[in-house]
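Engineer: Sequences and hints are given; from them, build the entire structure.
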Amino acid sequence: MSFARVAVTTVLRGLLTGLVTLILVLLAWQALLLVLDISPFLAKGPLDVWTWLVTVPEAADNRALILGNLVVTLSDAFLGFVAGLTCALLLAVVFTLSRGIEHALMPIALLLRSVPLVALVPIISLITGRGLTTAVVMGAIVVLFPALVNIAFGLRSSSPQISDVITVYGGSAVTALRKVALPSSLPSFFAAVKISVPGAITGALLAEWLTTGQGLGNSIVAAVAKVQNSEVWASVVVITIVSLALYGLAQVVENLVLRRMSMEQSTTG
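Residue 1 is where the sequence shown starts when you use UniProt numbering, and the numbers rise one by one after that.
I should point out that these hints are in silico values taken from the structure, not numbers from a laboratory.
Owing to the predicted nature of the structure, the values given are computational and were not obtained by experimental measurement.
Don't take every hint at face value.
What the hints assert, rightly or not - With a straight-line Cα cutoff of 20 Å, these simulated EDC-like cross-link-like pairs (lysine to aspartate or glutamate) come out: (1) K226 / E58; (2) K194 / E102; (3) K226 / D61; (4) K226 / D48.
Structural biologist: Written out as structure tokens, the structure is:
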């Protein structure tokens, strides 16, 4: 089977999985509201959110409001995602090459992970100001530790026999890392990516809520204060759907890359 056909099949399977997941979430959402018997004024169901976004006379303005805030939040989350994942990858490589550096720096990563995020935001905002930098730093912190653990584990899961062969033929530790460890760590790297996507969005929302005063994080808090419950639910639904879509996209990319690598290895072998 050609790679193009495999790619189409993988994408279609991902879309089907995402559709089934969305349907199950909507059914569970509506069933939970019925079971708990929450006041319709407070709890909005899928049809209420659809009405607010699509059918009411102000639907266009509502969509524009949500979309504008969503763009800000996704921009903050993307920058935090890239910063956190890049730092995690570089640190994982350094840790793999030097145990001493790992023993010196890993406690700092553990400290960042153990401190509650709500407690970190005021300190970070004092250092970086109440702007974009705070949102990026928060997203990076949320992403850093789980990504670091996954990538470091993947780099160390490579075959020691193949690494020994490279060493015997005069290859350095960097060569073994590049030729063996990095390719074998791709499943762990993609696992880190999938974990980091919702983590970066969470960090961005938290920073927007507490410091920047922009994006969905701030608009949700403002809507709660104004008892604009339809806007609250619509914002939460939209960011949840986007998070699921981005997670699914990462899963599709992972399947394509790993399938391509396995096809290339079987061809060369």
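Engineer: Next step is simple, just say for each hint if it's right about the structure.
Structural biologist: Consistency of the hints with the structure:
1. K226 / E58: 18 Å, holds
2. K194 / E102: 24 Å, violated
3. K226 / D61: 17 Å, holds
4. K226 / D48: The given pair, whose Cα atoms are some 18 Å apart, holds under the 20 Å limit.
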